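S.K.: Sequence:
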Amino acid sequence: MLKIDTKDRKLLYYLSHNARESHTQLSKKIGLSKNSVKYRIERLRRLGVIEHFATTVNLGAIDQNTFTILLKFNEDIYENKAIVKFFELHPYSDWVITLSGQWDLFVEMIADTINDVHDRVHEIVSNFQHSLNTYQIYFSSDVLRVEHLIEDIYKGLDLPEITRAPRAKPGHKVDNTDRKILYELNKDSSASYLHISQKLGLTIDIVRYRIKNLIEKGIIVKFFPEINLQKLGYSKYIYIIKLKNTSAEKMQKLRNSISNNHKVTYAFIDLLSYNLIFSCAFKNTEEIDALSRSLRKNFDDIIRSQEYLIVKEQVLFNLFPKGLLTE
1 MLKIDTKDRK LLYYLSHNAR ESHTQLSKKI GLSKNSVKYR IERLRRLGVI EHFATTVNLG
61 AIDQNTFTIL LKFNEDIYEN KAIVKFFELH PYSDWVITLS GQWDLFVEMI ADTINDVHDR
121 VHEIVSNFQH SLNTYQIYFS SDVLRVEHLI EDIYKGLDLP EITRAPRAKP GHKVDNTDRK
181 ILYELNKDSS ASYLHISQKL GLTIDIVRYR IKNLIEKGII VKFFPEINLQ KLGYSKYIYI
241 IKLKNTSAEK MQKLRNSISN NHKVTYAFID LLSYNLIFSC AFKNTEEIDA LSRSLRKNFD
301 DIIRSQEYLI VKEQVLFNLF PKGLLTE
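Heads up: the sequence shown begins at 1 in this note's numbering, then just goes up one per residue.
By construction, these hints were calculated from the structure, which means they are not laboratory data.
Treat the hints loosely; a few may be bogus.
[What the hints assert, rightly or not] Taking lysine to any residue and the SDA-like style, the derived pairs with C-alpha atoms no more than 25 Å apart in a straight line are:
1) Lys222 x Lys85
2) Lys85 x Gln102
3) Lys244 x Thr68
4) Lys10 x Pro160
5) Lys212 x Asn318
6) Lys180 x His148
7) Lys155 x Ala290
8) Lys180 x Glu287
9) Lys297 x Glu287
10) Lys85 x Glu287
11) Lys169 x Ser140
12) Lys231 x Val146
13) Lys242 x Ser305
14) Lys173 x Lys217
15) Lys180 x Asn58
16) Lys322 x Gly233
17) Lys312 x Pro160
[To be verified] Label-pair ranges, simulated between beta-carbon atoms:
18) Asp175 x Ser247: 39 to 47 Å
19) Lys3 x His130: 27 to 35 Å
20) Asn115 x Gly171: 39 to 47 Å
21) Val121 x Glu151: 21 to 29 Å
22) Lys173 x Asp5: 28 to 36 Å
23) Val121 x Met251: 25 to 33 Å
24) Ile162 x His130: 44 to 52 Å
25) Asp175 x Lys283: 44 to 52 Å
Source: prediction; values computed, not measured.
For each residue, glycine too, the CB sits at the ideal point set by N, CA and C.
Let the sequences and hints guide you as you build the complete structure.
M.R.: As structure tokens, this is what we get:
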């Protein structure tokens with residue numbers, strides 16, 4: 001487990017709200033020199049604490065949807081590396097993780113319509129045939145929480161709370177230039193305007209204007225560093241709660257409990273299957289067991305069952321995958 005000091009923790013906090021903020025501005029907020037900020041970022045990347053700089057894209061704002069598929073195979077996915085590689089390289093995969101437990105893979109994919117979902121699943125089933133044991137699909141239509149840095153990292157530092165604007169509604173249009181910029185920003189959201197302009201053959205002014213416009217429309221939610229919490233001594237989990245008939249009041253209490261839990265990084269409700277799925281991170285098994293007991297105690301009347309799966313490896317995290325370039 002790697003140790004990080006208070007300055008590192010402050011740096012991760014501010015980067016998690018805007019990874020494109022200048023080193024000069026960061027140095028003023030943290031109380032370091034500009035060169036020290038640069039050195040610390042490079043060090044955190046070298047140690048693998050910062051895996052890469054990404055961009056949260058509000059896919060719903062451009063009329064794109066996501067669905068999650070849990071998969072179980074009849075063979076060892078670590079021996080047959082082609083299984084994981086298929087999902088890692090799939091043009092519509094935006095999140096791929098391997099699991100320990102009754103499921104082997106958790107994959108989030110992008111789909112424009114229900115027919116696209118059918119096509120993605122049909123492709124998976126056809127490709128693996130007898131290798132695939134079973135699968136379960138969840139639609140992430142009702143998102144409760146998206147947070148890429150757990151509170152433990154900055155707890156007790158008395159840092160200013162940074163609020164974000166409400167998510168934009170669907171109906172925004174993006175052209176090929178916007179899509180190319182979003183794709184580059186998801187490869188490295190800290191890339192300079194100059195780098196992006198040279199990569200795409202655009203002027204710096206066009207790149208700057210387009211990014212500003214995407215932010216103002218709410219299509220770009222924020223720029224952030226993807227943090228490897230395992231490097232800092234945390235274990236990550238996928239938690240699945242199967243719900244049963246409940247009152248609106250009790251359901252709202254459960255929603256609030258999960259959406260306000262600072263150990264939860266991503267959570268959504270699939271209204272079709274009536275399941276609540278979330279990812280979370282804890283330092284030890286006692287903490288996640290305490291969460292399980294608390295949920296059972298407070299919401300036993302609306303929870304049919306609950307289980308959690310250990311995340312072994314995050315294989316892919318790209319919130320604007322290559323397939324969206326050709327939409």
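S.K.: Next step is simple, just say for each hint if it's right about the structure.
M.R.: Hint by hint, here is what the structure shows:
1. Lys222 x Lys85: violated (29 Å)
2. Lys85 x Gln102: With a Cα-Cα distance of about 20 Å, the restraint between lysine 85 and glutamine 102 holds, given a limit of 25 Å.
3. Lys244 x Thr68: Holds - the C-alpha atoms of threonine 68 and lysine 244 are around 21 Å apart, at most 25 Å.
4. Lys10 x Pro160: Within the cut-off at roughly 11 Å; holds.
5. Lys212 x Asn318: Holds: lysine 212 and asparagine 318 sit about 21 Å apart, inside 25 Å.
6. Lys180 x His148: Holds: lysine 180 and histidine 148 sit about 24 Å apart, inside 25 Å.
7. Lys155 x Ala290: holds (20 Å)
8. Lys180 x Glu287: violated (42 Å)
9. Lys297 x Glu287: holds (15 Å)
10. Lys85 x Glu287: violated (33 Å)
11. Lys169 x Ser140: holds (16 Å)
12. Lys231 x Val146: holds (21 Å)
13. Lys242 x Ser305: holds (5 Å)
14. Lys173 x Lys217: holds (10 Å)
15. Lys180 x Asn58: holds (15 Å)
16. Lys322 x Gly233: Violated, at roughly 32 Å.
17. Lys312 x Pro160: Measuring from Cα to Cα gives roughly 33 Å; hence the hint is violated.
18. Asp175 x Ser247: 39 to 47 Å: holds (46 Å)
19. Lys3 x His130: 27 to 35 Å: Given about 47 Å between the Cβ atoms, the range is violated.
20. Asn115 x Gly171: 39 to 47 Å: violated (20 Å)
21. Val121 x Glu151: 21 to 29 Å: violated (36 Å)
22. Lys173 x Asp5: 28 to 36 Å: violated (45 Å)
23. Val121 x Met251: 25 to 33 Å: Check passed, 28 Å falls within 25 to 33 Å.
24. Ile162 x His130: 44 to 52 Å: holds (50 Å)
25. Asp175 x Lys283: 44 to 52 Å: holds (45 Å)
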